[in-house]
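Residue numbers (numbering that gives the first Met the number 0), protein chains in the order written: chain A, 0 to 81; chain B, 0 to 81.
Simulated from the structure, these hints should not be mistaken for lab results. Hints may contain errors.
[Stated by the list, open to error] With a Cα cut of at most 25 Å, we get these calculated DMTMM-like pairs of lysine to aspartate or glutamate:
1) LYS18/B <-> ASP34/B
2) LYS39/A <-> ASP58/A
3) LYS63/A <-> GLU50/A
4) LYS1/A <-> GLU71/B
5) LYS1/A <-> GLU46/B
6) LYS18/B <-> ASP58/A
7) LYS18/B <-> ASP34/A
8) LYS39/A <-> GLU10/B
9) LYS63/A <-> GLU46/A
10) LYS18/B <-> GLU78/A
11) LYS39/B <-> ASP44/A
12) LYS18/B <-> ASP44/B
13) LYS39/B <-> GLU59/B
14) LYS63/B <-> ASP14/B
15) LYS1/B <-> ASP49/B
16) LYS1/A <-> ASP34/A
17) LYS18/B <-> GLU46/A
18) LYS39/A <-> ASP44/B
19) LYS1/B <-> GLU10/A
20) LYS63/A <-> GLU46/B
21) LYS63/B <-> ASP58/A
22) LYS1/B <-> ASP14/B
23) LYS18/A <-> ASP58/B
24) LYS63/B <-> GLU46/B
25) LYS18/B <-> GLU71/A
26) LYS39/B <-> GLU50/B
27) LYS63/B <-> GLU50/B
28) LYS39/A <-> GLU50/A
29) LYS63/A <-> GLU78/A
30) LYS39/A <-> GLU10/A
31) LYS39/A <-> GLU71/B
32) LYS1/B <-> ASP14/A
33) LYS18/A <-> GLU46/B
34) LYS1/B <-> GLU46/A
[To be verified] Which stretches of chain A does chain B cover? Using the computed rule of at least three CB atoms under 8 Å from a CB of chain B, they are:
35) 8-14
36) 37-51
37) 55-66
All residues carry an ideal CB built from backbone N, CA and C; glycine is no exception.
Protein chains: 2
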Amino acid sequence: MKVVVHVQLREGVLDPQGKAIAGALNTLGFAGVVDARQSKVIALDLEDMDESTARARVDEMCRKLLANTVIETYSVSIEPAG
Amino acid sequence: MKVVVHVQLREGVLDPQGKAIAGALNTLGFAGVVDARQSKVIALDLEDMDESTARARVDEMCRKLLANTVIETYSVSIEPAG
């Protein structure tokens, strides 16, 4: 089964990558870029299990490895089988 | 206006970050992780413009800076105003 985890910096946390992107876009001549924020997506392929088990397990993965919950938030979406 | 760009490695391109994540999850005792792929999301805040202009401009940003189209694909979604 496919599970998609989206990890992003909390609002208010400085995002140097995003700032670099916005700066580079302006340097390249793209006017009108007010701000950019970068975040990451982790697509997991798990062995089949029921959805509530998967959700609990992925939540634990996020807290233990995938996200730094001090500065990041995460959201989990489980893609329906088939 | 908010525009979200999702940049991911093409299928078949080796993803060392994803492999490291899958390995680390297994090491931490999470059984059943078959594979993991990491990708990135860039959320842009642009000055308001009409949607087709925004789409063309962001497409050009992707080709020039945000994605390496040799090994990556990208998708653009424009969030409705308001």
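In rising order, the numbers of the hints this structure does not comply with: Structure breaks hints 5, 7, 12, 16, 20, 21, 22, 34, 35.
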